[in-house]
Amino acid sequence: MSTAVATRAAAVPGRRVEPGRLLLYGCAVLVTLFMLTPVYLIALAAFSPPQAIFDYPHPLVPVGLSLENIQFFLTYQGIGPALLRSLAVGALTVVISLALGCPAGYALARYWFSGKDLAQLMLVNVRAIPMVIISIPLLVTFLEWNLYDTVASVALVHAAITLPLTILISASVFLRVPSELEEAAMSLGTSRVGAVLRVVLPNSVPGLATAALFAFVTSWNEVFVAVILTLRGPTLPAALVQQLAASPLAFRFAGGLCLTIPAFVFIFFMRPYLFNAFGVGGK
Amino acid sequence: MTAAAPPHVGRRSIRGGGKARLRALTPYLLMAPALLFIAYFLFWPALGAFGVAFQTASGQWTLANFQSLVRDTDFGLSVRNTFLLLAIIIPVEFAVALGMAVLAQSRLRGRGFFLYVWSFPLAISDLAAGLVWLSIFTSHGYLNSALQSLHLIQHPIGFLNYDNLPGLVLAVVAAETWRSISLVMVVIMSGIQAIPADLGEAAEILGAGAWRRFTKVTVPLLKPTLQVGLMLRTTTAFQVFAVVLALTGSGLPVLATRTETWAYGARNYQMAAAYAVLLLLLSSLATMAYLTTLRTPRGVFQR
Amino acid sequence: MRRRVWPAVVAAVLMGAACGGTPAPQPTAAAGPANVGNVEFLSSQGQPANENQKMNNQVLAAFNGHADFTSSPTAAQDLDKITAEQKAGKGTIDVLALQHGDFTTLAPTDSLEDLTPLLQRLEKDRQFPKALLDYGKLGTQKQYYIPWLQATYMMAVNKKALDPKYLPKGVDVNNLTYDQVITWGQNIQKATGERLFGLPAAPGTQASLLHRFLQGYAYPSYTGGEVTGFKSADAVQMWQMLKRLWAVTNPQSTTYANLQDPLQSGDVWLGWDHQARLKDALEKMPDQFITVPAPRGPKGLGYMSVIVGLAIPKTAPNKAGAEALIDYLTRSSQQVAAGAALSFFPVVDGVKLTGSQVPPYLNAEAGVAAKYVANKNSVVALLPVGLGSKSDQFTLTYQDTFTRIVLHNEDIQTVLNDQATKLQDLLNAARAACWPPDSQSTGTCQIK
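Residue numbers (this note's numbering), protein chains in the order written: chain A, 7 to 289; chain B, 31 to 333; chain C, 132 to 579.
Worth flagging that the hints you see were computed from the coordinates, not collected in a lab.
Virtual Cβ for every residue (Gly too), placed ideally from N, Cα, C.
The reader is advised that the hints may include incorrect statements.
Here are the simulated EDC-like pairs of lysine to aspartate or glutamate, each with C-alpha atoms no more than 20 Å apart in a straight line [said to hold, decoys possible]: (1) Lys218/C / Glu74/A; (2) Lys374/C / Asp193/B; (3) Lys445/C / Glu74/A.
Partial pick of chain B residues on the chain C-facing surface, computed with a CB cut under 7 Å [unchecked claim]: (4) Arg137; (5) Ser169; (6) Gly188; (7) Tyr192; (8) Tyr294.
When you get a sec, could you build the whole thing from the sequences and use the hints?
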C-alpha cells in the first residue's frame, strides 16, 4: 500500500526525479514499512485458524482466513457497556485534564516565577511513580469516597496521570500566541482574563485539541489503574487485558490486534489537529 | 518548549500595592489546582509508598531495604540492562525521529499518508506493542519464518533466549522504538515548526547548503524542544516494563520489572518501594542533567 | 471541526455520569423464594476468556441468586483489592477464590471470616478431606477458606518424542527418573539440534510456577524434604542434575508463563507444568500429547498439589449470599462442572469426574494424579505452611536460587549457603515450624 503510493509519487509522468529525492522517498517508504509490517503480521496471526499459529515456518501471506480467534472479542458479552465506560472515562479525563492543565500551562508560558524549574521537574517525574506501589492507597481512598468501581475514580487518576503532558503541550501552545496580541487587547481595555478568553484561547484551539486527544489516548491505553479500581465495570482495554492474561497464544495475538486497531482510528481523528498544529496541513 | 521563552510579563508589573502582590501570586494560583490535584492522587500516596522503602515491615526506620536491594539477585543485571536499553533506545529514537521530521518537511508526495502511518503508534499501548512484537520475535515467529523462507537460516534463531543478550536487546529496542518514536517525532516536528522560516531562508541566501542549514540553524534552535523531548522520553524509558516483560520474561531483567516482581511476585512492598525510590532518583538525575547541560539562554524564540 | 467534537465529548461525559459507570446490581427475577441476591465472586482462577464464560454460563447459571464472576489479570491484584477493602472498612467482594499460597498472605491481616460454622453446616451432607481442611486453617484455629478445587503438576509429552530414536531403551514413561529425562532430552537434541524440554520459568511467582517445581518436585525427590536439606550435599547433587536438565531445556523457557503454547508450537516436546496450564495443548491436539507423572529422584517421587479455596472477606456486603454460593459450589454436580470448566479436580469426598461435560484430557490428567497417589515411593510435598505474609518472598527465593545457579552459572554451594540464610531469616521472622515432607520440628524450622 505504502509502496504503491510512493511509486506513484515517484513516477509522475513528465517530471524528472532527482536521485536525492528518490533517496528521500526510499527512506520514507522504509520507515513506513517498519511501522506497518508489525500490524500486518499481528493481523495475519489474529485471522489465522487457531492451530495455524503453531505452524512453522508461518506463511507470510494470508492462507485460510479464520474469524475464530477474533470472534470471541467481538462477541464478548460486556463489550458495549465496556466501550461506553471507556469513552466516558476518556471524556471525563480530558475535561479535568484541560480544565486544570490550561491555567498551569498558561502560567508556565507567560510568567517567570521562582520554583518554576522545580514545578517542571515534578511534572516530568510524575511518570516515574510506579502504579503498583500506590494501588492500595488509591483503592482505599476511592472505597472511602464510595467511588470504587465507577467511571469517576478511574477518570480522576487518569487525569492526574495525563496532566503533566497536558500542561506541557498547552504551555507550548500558549507560547506560540504572541503576547503582543494579548497586550494589544488589554490596551484596548480588556482585562487579562478577557484577553485570554477572547484572544489566546481561540488561537490555541488546534493545539489544545492535540492535548485533549493525547489525554484521551493515554486514558484509553491505561489498564493498570482501570483494572485495580474496578470490579464489575472495567474499561474496554482493561476487560480485554483481564481476559488475555492467562489465555492461549492465539487469543493473545487476536487481543493484540484488537488493542492496536483503535490507534488507527484515534490518530485518524487526531491527524488534522496534529498537522494543523504543526503547519503541515491535513490534506 | 516550555522552559524556553517566558516573556517576563509578570516582572513588568507596576511596583507597590495589592495589585502587584496579586500579580506576583498569579502564576502560583494558576499552577496550584493542577499541582494539588496531581499531588493528591499521585504524589501523596507515592510519598507514603516511598516512606515504606525506609521502614521495616513493622514500621521502624531503616536503610536495610537498600542493603537488600544491592544484594538482590538481579540488581546488578537490572541496572546494567536498564542503562544498556536507555543508551541504545534514546539516541536511536532521536536520530531517526529527527530524520523523519526532516523527511516530513521536505514536501514529499503522499506526505499526509506517511505522517498518518508514522504517528499511529502514538495511540498504541505498551501492552499491545509487546504482543505485536512477540509474534515476530518468538522462536517460531514471523521473523524466523521469513528468514527460513528465504533460506537464510536452517534452524530458528532464539532471539528471546535468556542467554542471547543481543537478541533480547534487539527485540526490546525494536518494539520500544516502534511504539514511542512517533511521540519523539511529533515533539521534534513541533519544534521545527516553531523555528521562524526566515532564519533558514536567510541562511540559504547567505549560501548555506542544506546540511549546514540543518546543523547550524535547525539543530541549535531545536535545543529547547529536544530538552523537553529527552526529559519525557528518558523518564518513560526508565519505566519500560510491559514490553520487556512480554518479550523477554526473566531473560532481561530491568529495574522496572524488578519493582513489579517484588511488589506482586513477592508481595514485599518495602523492596518494591526501594526500587521505586532508586528509579525516581535516577530519572530525576537524568532530568536535571538535561535541564543543566541543554540550558538555552532565555529568549531564543522571543518574537 | 471543534464544533463537531465537543458535543460528542460532552454527551459522553453526561452518559458516564448518568450510568455511574457500573450497572446497579439488578436482583435477578425471582428464581424461587430463597433468592440470595447479588453475590460478587472474585476469582484468581478462570481468567482465560473461554473459562470465564464457561463459569458464568455453565457453572453459575443454576445458582439461586446472581453471582458475578470476575477475575483480575493476576492474583496480586485480587489481594490488593481485599487488602484495601479491609483498610477502608467497606467491601464489595462477597466470595473470594484463590490458591492456597495467595491466602497465606491474607491470613495475618485477619481480613477473612472464620468459616467454621458454615463448614459444620456443609458437613451434614458432604465431607472434605481433612488434609485440605487443615490447609484452609492456614496454621490457625480458624477455618479461613473452604477447599473448592484441586490440581497437580505433571509432564506433557509430544508423541514425536516417544519415537525409539529419542526415548532411551527400556524406559517406562510413567515411571521416569530425572536422569532418564535428561538422556531423553539429549537424544532429541542430538537428532534435531534443538533443546526441546520445557519449564515454565517466566519471572515472578505470579507468572510461572517454576518455584513449585523446585519446592514440590526437585527438592523432595532429591533431599526427601523441601526446606531442611536446602543446602545439603543431596541438594548440590540436585542442582547439578538441574544444570544438566537445563542444557536440554529450550532457552526460551525464561519467557514461558505456561507450556501449553510452546507445546503446540513445537518449541517444547516434553515439559513439566500445572495441569490447567497444559490444558489448551491437550484439548486442541488430543492425538498429539500424552500426560505422564513427573520424574522421580534418589529419595522417591516428589509431588505437590494445588488447592483452590473459597473464602468470605470480613467486609463482604452479602454474607448470606456468599455462604449460599459456597454451599452451591461444593455440591457434587457443581464440583464436576467447575472442574471441567477450569481443568481442575473436585475436592469433596466421593465426587467422581464423570459425565459428558468432563473432557477426555481431564480424565487423562486424573489418571496421572492417581499414579502419584498409588506410587509407594512418593514424597508428598505440602505448600509452604505457616509463613504468612512471608510466603511469597520465601517462594521467590527458590526462583532466585534457580536464576543464580542455572542461569548465571554461579557456584552451587556458595549460592545455596547464601540463599539458605535468606530463607532462614524468613522462617525465623514467621516462626514457622517445619512442614511435611520435612520432619516435624520443635520451634522454628531450621535449615541444616
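Are there hints from earlier that the structure breaks, and if so, what are their numbers? 1, 3 and 4
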